[in-house]
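We have chain Y already, so just place chain R on it with the hints.
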Amino acid sequence: GAGVSQSPSNKVTEKGKDVELRCDPISGHTALYWYRQRLGQGLEFLIYFQGNSAPDKSGLPSDRFSAERTGESVSTLTIQRTQQEDSAVYLCASGARDSSTDTQYFGPGTRLTVL
Amino acid sequence: AQSVTQLDSHVSVSEGTPVLLRCNYSSSYSPSLFWYVQHPNKGLQLLLKYTSAATLVKGINGFEAEFKKSETSFHLTKPSAHMSDAAEYFCVVSDTTGFQKLVFGTGTRLLVSP
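Top line first, the protein sequences correspond to chains Y and R. Each residue of the first sequence is one higher than the one before, starting from 4 at the first, in this note's numbering. Each residue of the second sequence is one higher than the one before, starting from 599 at the first, in this note's numbering.
Chain Y with its partners taken away, still in its complex shape (with noise of 0.2 angstroms):
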């Protein structure tokens, strides 16, 4: 079947620009993570979506990062004046239920790259 799928799978963009990253996550699942591979890195944590219950928006980095996910459906990442240092892989993940020993499905990513 489909797994996670993410666009575009990479972006180019100029400092100041607003950027918008795009997941389509696994029919039926209810949970979705976004995550940050910088280079070199493991992946931090973002923000996480579960259902209609209001996100957990504890990893996101600063007020320019922003996401929004329409019921258990596609998820839009935005990232407002874009800086070099938010030049990385986002990656999006999503799972079937929220329990700690669940597996997350990842999509191939988005690199970003700001100029």
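It cannot be assumed that every hint is accurate.
[What the hints assert, rightly or not] List time: in silico DSS-like cross-link candidates among lysine-lysine, alpha-carbon distance up to 30 angstroms:
1. 640/R x 60/Y
2. 18/Y x 647/R
3. 656/R x 14/Y
4. 699/R x 60/Y
5. 656/R x 666/R
6. 647/R x 699/R
Since the hints were made in silico from the structure, they are not lab data. The structure displayed is predicted, hence computed values, not measured ones.
Here is chain R on its own, set in the frame of chain Y:
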């Protein structure tokens, strides 16, 4: 807060020889632990997970890991490396406060030579 430490940033092995990727964790209670693999230009894939059942966990592609509470370790092993095992491996602990927030190690790049 929970954390994991991957002791080696790079590990080089020859094809057919054993693989050992080391991971130590820090947790105030019984954690859930995972190993994920990331092949170039591909998404992260779950190799195996420990969820307080058996301490020796078997995963895909011949990998296994042993949870050792006394040593706070969760090392990943494979008896015989294959060229296709070359990838980045991440040890991960689950922060169980409220939802499954994964905390990743910095990764170990496995290089396999012929």
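Verification of the supplied hints:
1. 640/R x 60/Y: 26 angstroms, holds
2. 18/Y x 647/R: Violated, at about 40 angstroms.
3. 656/R x 14/Y: Violated: residue 656/R and residue 14/Y sit about 38 angstroms apart, past 30 angstroms.
4. 699/R x 60/Y: 12 angstroms, holds
5. 656/R x 666/R: 15 angstroms, holds
6. 647/R x 699/R: Satisfied, since the Cα-Cα distance of roughly 15 angstroms is no more than 30 angstroms.
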